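S.K.: The lines below spell out each chain.
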Amino acid sequence: MRIKAQVAMVMHLDKCIGCHTCSVTCKNTWTNRPGMEYVWYNNVETRPGPGYPKEWENTDRYKGGWTLRNGKLHLRAGGPVSKLANIFYNPNMATIDDFYEPWTYDFEHLHKAPKKENLPVARPKSMITGKFIDKPEWGSNWDDDLAGGSEIVPMDPNVQKLQEHIAMEYEKTFMMYLPRICEHCLNPSCVASCPSGALYKRDEDGIVLVDQEACRGWRFCMNGCPYHKVYYNWNTHKAEKCNFCYPRTEAGLPTVCSETCVGRIRYIGVVLYDADRVKEAASVEDPKDLYEAQLSVFLDPNDPEVIEKAREAGINESWIKSAQDSPIYKMAMKWKIALPLHPEYRTLPMVWYVPPLSPIMNHITNEQDLSMDGYIPAVDDMRIPMEYLASLLSADDTSVIRRVLLKMAAMRVHMRAKTVGGMDEMKTSKLLQEAGTTMEELEDMARLLGVAKYNERFVIPTGRREMDDNLHYRQGACSIEGLAPAEGMVTYPYERSDLG
Amino acid sequence: MEQRQNKLIQALRHLKRGERINDGWTEESPRPRNSEDLYRRRWQYDKIVRSTHGVNCTGSCSWRIHVKDGIIAYETQQTDYPSTGENFPDYEPRGCPRGASFSWYTYSPTRVKHPYVRGDLYELWKAELKTADNPVKAWENIVTNPDKRNKYVKARGKGGFVRGSWKELCQLIAASTIYTIKKYGPDRIVGFSPIPAMSMISYSGGTRFLSLIGGTILSFYDWYADLPPASPQVWGDQTDVPESGDWYNTKYFIIWGTNIPQTRTPDAHFMVESRYNGTKVVGVSPDYAEYDKFADIWLPAKPGTDGALAMAMTHVILKEFYVDKETPYFLDYAKQYTDLPFLVILDKKNGEFRSDRFLRASDIKTNQELGEWKTVVWDEKTNQMVIPTGSQGFRWDNGNKWNLDLKSEDGQEINPKLSFFKDSDKVVLVDFPYFAEKEGGKVGRGVPVKVITDQSGNEVTVTTVYDLMMAHTGVNRGLEGDYPLDYNDPNKPYTPGWQESITGVKKEHVIQVAREFAANAEQTNGKSMIAMGGGTNHWYHSDQIYRSILNLILLTGSQGVNGGGWAHYVGQEKVRPIEGFSQIAFANDWVKSPRFMNGTSFFYFATEQFRYEYMANGEKSEWGSKYSRMHPADFNAMSARLGWLPSFPQWTQNSLDVMKEAREKYKEDEQAIIQDVAKQISDGKINYAIENPNDPRNFPHIFFNWRSNLLGDSGKGHEYFVKHLIGSDDSVLTDTENSWQPEKINIDEKPPEGKTDLFIAMDFRMTSSGLFSDIILPAATWYEKFDISTTDLHPFVHPFNAAISPPWETKSDWDAFREIAKEFTELAKEHLPAQEDLVMSPLAHDTVNEVAQPMGKVKDWRNGEVEAIPGKTMSNLNIVKRDYPNVYNMWTTVGPNIRNGYGTKGVKVNGEKAYQELLSRLGVSKREGVGKGHPDLYSDKQAINAILLMSGATNGKRAVEGWKSMEEKTGKKLGHISEAREEEDYTLDALSVQPRQTISTPVWSGLENDNRRYSPFTVNKEYNIPWHTLTGRQSFYLDHEVMLDYGEGLPLYLPPVNLSPFLKGEKEVENKGKSLTLRYMTPHQKWGIHTMFTDTNQMVQLFRGWQVVWLNEKDAASAGIKDNDWIEVYNRNGVVAARAILTYRLPRGVAYMYHAQDRTMGVPGNSINKKRGGTHNSVTRINPKATHMIGGYSQLSYGFNYYGPTGSNRDTMTVIRPLKEVDWLEN
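Quick note, the sequences are listed as chains Z and L, same order. Read in order, the letters of the first sequence are residues 1 to 500 in UniProt numbering. Read in order, the letters of the second sequence are residues 1 to 1227 in UniProt numbering.
FYI, nobody ran anything at the bench for these hints, they're computed from the structure. Wrong hints could be hidden among the right ones.
[Claimed, not checked] In silico DSBU-like cross-links for lysine-lysine, where the CA-CA straight-line distance does not exceed 30 Å: (1) K422/L <-> K442/L; (2) K822/L <-> K131/Z; (3) K908/L <-> K506/L; (4) K115/Z <-> K881/L; (5) K125/Z <-> K1072/L; (6) K1074/L <-> K116/Z; (7) K135/Z <-> K113/L; (8) K908/L <-> K881/L; (9) K172/Z <-> K72/Z; (10) K112/Z <-> K154/L; (11) K183/L <-> K172/Z; (12) K148/L <-> K913/L; (13) K115/Z <-> K1074/L; (14) K115/Z <-> K1220/L; (15) K506/L <-> K112/Z; (16) K115/Z <-> K1114/L; (17) K125/Z <-> K932/L; (18) K130/L <-> K116/Z; (19) K135/Z <-> K1072/L.
Note that this is a predicted model, so its numbers are computed, not measured.
Could you put the whole structure together from the sequences, leaning on the hints where they help?
M.R.: Written as structure tokens, this is what we have:
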């Protein structure tokens, strides 16, 4: 057992209002600069829809993630040999049009237009070429709220798989939102794809980063990541990606996207896992077993043996305590309502999703339908096809989805019984049985999902900077190391050995 | 420091292999991680400053502005709101993607950095200044010379701005203002600025100036059509709604035409989270809207048919919860808190009975003080008529019985009877209006009645509002008449079966939802809530749609209950510190009677839209309405004449001249002055400006537009604005020839164009309003100034603080108006002496004027039906001193009127104490002039602290004083309500440390003690304080003559008006190809708050850029339109060029052009007249409804942004076709 700690996230899709605040605050902080115009570390997709970049889930085309051949994990895009062969031309990479050509408007013209015949207008302009364009043709969120309808929805690879189930009709409309950031995977294929070894997963918190000094701009990470969450800065010619706001998490703060999430759908916490079991978990044969396999690498933070081993591995008390209070552990491992996005990519993603409820599709025939056990058939009759959710979150295993939806429904029914009346009925209800839960668990869920206090959504220990052995020096010199060089005569309290 | 190491060593280190783990799959590398510092530095910042966004979304969210290297770098939401309690979701974080993009404006290319002026005007001004003696004369020389005037007026909207300086442009503004006051009167100076709650100080800067000079201040809420007229009609209060936290308290939530995730983004989580607490959610919307995602069931009602759906639900609830079984909670509630038990007279007309007015105390008893304003119930205990306390008459009779105790005026306990069904004298057939199938239809139904004898000995037939409701909604109790058989009856109103063909919603769902809604309220004592908004409100018949929906709330006892009631969210606002704000904003501390003008009427006339009116149906209907056949402009003129609505500019004659002559004639006798002017009016010697809108003297000569994008956003009938007010090139596609013209208004054959002499904008970005303006003053952004903001959606007061000082030449609105006031005063010293003004104010709600016109009968003095008496049968006339040479001095100090006490809505605050506290908090003005020695109001910070100190919501002492003042009239103990918070006293500094929760005050109707969420009318319900209505109860029945004439005494279903794209006989646009005719709607959008934020780089790119129109894909296919194709949308009002968005999420037959994208970005020329394609409002126009112009009658009395016709806009139909060629018109 080799215990490591991972800072992970849950996004509760049932709570997502699709507002994109996360995208904007993230962009303002991290990608609001030349070379990164088209980049959204965090984006929100309306589903069904092709996402950003277009059809990113089309692994036949982009060849992202891992595949299992003869029981062994291989990068779908090929190993070092094929990489070398394609090093100056990667046929699998998304083009700028798959993302979009960023544009702006010629605002200054509104101020500066000389006297003329017509009302001045700011025309659209490409931010790549600087030239006027007639109209934008695609964007990172071009199909928001099903814009484009049946011209665009069929581009969703999940829809293609399920064509017979999806009706693109007014009466049968459904939609959901899927916010996405880097998954900070336990088994990251981007890291394995980099010919320069520039990508790495941080030991202390599992955040996956691109070393800006080491990156040589080969861009194999871009499609090596099946989630398409590594981007190319066309100004610096280096890859950049979501850094899980480590400058904030190190200070014990949630990521920008999480703290600013006004739907309060995001949860951040620590999970402990056995790093020695990652490969095995990613290598199970049947994709439908991947979800359970992934769950099996996590360790119970309350188990005395785990605690002991964690201490031995240098994980400090506050991290262990955080793992015990972790909302992620509760939602993903304990209650099993948060699921990994596309577990079949075998990267063991660390951003988990609670699937959304949706209005029931057909008419209610009697008043019992939406109370207590009436919710059981209702779960099977919700607008978002269970197969669609299963395609996203459980490698097509609908029983996983059904169980989560039943649990969510049971929580609502129980809390209604508790606040309006009907507790006796609840105790003996089939719903409780079928959802495989207890009233106590449902109340714990309602607390974390519904009341959702800041300190319960975000349980983040400050960064283990004590792993850095130059802290005394850095205390006075950080950010001005240029003025406080570690050379020449050094006096107390620094010692030579401190200075490397 | 490792950076300084040898690069080679570093590289070698990288090659060193780390330990292999995980079955050899993973390497634990010891590589250096120095590059991580790069992103750490990005996150570091110098300071964070608390500010908010002064935008018309009522979000009022607290933000952290991060300043880095002296630059505003980015913003994130504050998370430090006071907690809502241990087991309740908190308010953090508040803010949406739009607000998060705001920092872009600071350094953006759209930023207005310097003062700009139209080049042609600047040239003229410079030249005239050189030759004329003085600036006032210089302005006169320009505007009196048609060639000169035309030169710059015709150049509006066509580029050609040049830079000017603050000093010279303020002088130009001051000179033009002074010239206009002297020549035409101060009411020709007009200002438009909306929603003070979003930034009270910035609003006040301008309105304080206008109030002091006597200018006209336009309302906005009614103009935006966000004002729900049903609110004053039902409650005598305007839009008092629960804070969003209270959504968590509801157990059954119908979301009905308000897109909560999209437009109430920071609040949506309470709705989402309430579901986890067991709340059921129902979504009603024509499209699969964002909120439907959260619903248990979606009811896809066709646009504009919500009233039919609600009436059918009303039918179900009355049948099942009042008739089939009697629900004790509902019955008790109905008796005490609604007008259902009140007696109504049935009047026989043409052989059939119709419901007429309420029975009054004066009908049955003599010697009742204000007996005409006291309504009557039947007491079950004594089996006779009684006069319960609490009706309007008790409010103004100088007694202390204005309360809702179940007692009669003489103190006897009573039990009001709801129905005469079981012991009626007889059952009579009553005609009820039924207009769903044809205009002016009717249906006859039996109603149980009592026959009483009035005090003159006449027999009078009476029934209860309850029995009328039962018959009207078609609940069959076995009485005679045209009742439906059962729920399935498809033909008779208002059954679930009947509504199906109208709304498209299955009857089973209607029954189900109505039943659940009521059963939930029964189980929870009223925790059933309905959120409503633009989707249900922006209609011509908004009031009827709303009243129908409110039936469900009132019948289930859900109003005045936490977690229950209506929750109206569109454009609503709450200036929580309203008492102090009103004093500062409208300069009541120095002068009384500001010229408050209702926006819709103003723009209807100022933009000549009344000349393009649709003809009413000429045929006489069965119902036989008289007033619906009056041209709205004629009705509006009558309304102004009878003192119902305000009307500014008021007279063709200069009000200063009128006053001067009268004063010379009557000296000190002010009564004589007023009587004389009233006589001159009735003799036709003084003329109403509203009846002479084409007389150039009556034009709005000077127009201030600040905190608003009137011309790119909210200006409904945009092309009429451009043509008639502005005088630039327009795209109106019709003329007045085929339109309905008024009969009583003096008009020119050709309506005037370019009416305004000077249009001034103040903004930090360039919008259409800027492009059409003559002067643009550069404003500070919300991160560069001090101000305060409140909302009804949460109970906190949020400050604006300057993260950086205003850059370039920008100024806060407060400072800008101070500059203007200063220049004005300098010139006034020479050109405009102090004098007197006579202000014509309408009969106002919440004043004794609301009992001016008894019985709600229309009596016109012009026809000799009554005498013309100011304050009774016509407007009030108030003498006001205008001390023009002291305007600056007054503007910058708090005036002495405060010491006499002040208040609002009938609540009084002790002024002397507040004034003394102001002296010490604000400091004393040392500037020479009338303001010397008064509290200093020079800076925005002083203005903020003045408002906070003077208002109950932000100062505990004021709150307690307010409650105590309410004790006198009501006879109830109230002073204790806020006593525990008496010492609380908010200042700008305190609010900047952490948001503070407002204190309960009687100017609002919600109780907020003990961390309770604000829910409206809990004060009324828990302390038996009457609503400000005729009966003092929540109203189902409105008995004003005009309401009854329109058939709108009770809530009913009225179909959308369907204003056709062109009128019969009108020259239409030639159209050879395929096209669509669709209902055109402008719901609030996702990527901006109106046009604000829409132009930020993030919002531009997060969707599709601008402008775009959503269509159903099958509709689009039939006209050959593909996704992202160029289209044009047009009708007689104008034309829009845009791109199409196709979807199956929308039903067929509708086009959504989300409001508001402005025409400044990416809009090419149209193909019809080759002008720039318009805004979303280019194809709309306003269509005022007469029932909203009623006044002088209890809750139907005028109040600024309280009542008045709305600028409704969803009844519009448009033609849509492909736009084949794209011409940018930029050569």
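S.K.: Each of the hints needs a verdict: does it hold here or not?
M.R.: Structure-based check of each hint:
{"no.": "1", "hint": "K422/L <-> K442/L", "verdict": "holds, 26 Å"}
{"no.": "2", "hint": "K822/L <-> K131/Z", "verdict": "violated, 47 Å"}
{"no.": "3", "hint": "K908/L <-> K506/L", "verdict": "violated, 52 Å"}
{"no.": "4", "hint": "K115/Z <-> K881/L", "verdict": "violated, 44 Å"}
{"no.": "5", "hint": "K125/Z <-> K1072/L", "verdict": "violated, 33 Å"}
{"no.": "6", "hint": "K1074/L <-> K116/Z", "verdict": "violated, 34 Å"}
{"no.": "7", "hint": "K135/Z <-> K113/L", "verdict": "holds, 29 Å"}
{"no.": "8", "hint": "K908/L <-> K881/L", "verdict": "holds, 24 Å"}
{"no.": "9", "hint": "K172/Z <-> K72/Z", "verdict": "violated, 43 Å"}
{"no.": "10", "hint": "K112/Z <-> K154/L", "verdict": "holds, 19 Å"}
{"no.": "11", "hint": "K183/L <-> K172/Z", "verdict": "violated, 65 Å"}
{"no.": "12", "hint": "K148/L <-> K913/L", "verdict": "violated, 55 Å"}
{"no.": "13", "hint": "K115/Z <-> K1074/L", "verdict": "violated, 37 Å"}
{"no.": "14", "hint": "K115/Z <-> K1220/L", "verdict": "holds, 28 Å"}
{"no.": "15", "hint": "K506/L <-> K112/Z", "verdict": "violated, 57 Å"}
{"no.": "16", "hint": "K115/Z <-> K1114/L", "verdict": "violated, 43 Å"}
{"no.": "17", "hint": "K125/Z <-> K932/L", "verdict": "violated, 56 Å"}
{"no.": "18", "hint": "K130/L <-> K116/Z", "verdict": "holds, 28 Å"}
{"no.": "19", "hint": "K135/Z <-> K1072/L", "verdict": "holds, 26 Å"}
Checked against the numbered hints above, the structure violates hints 2, 3, 4, 5, 6, 9, 11, 12, 13, 15, 16 and 17; every other hint is satisfied.
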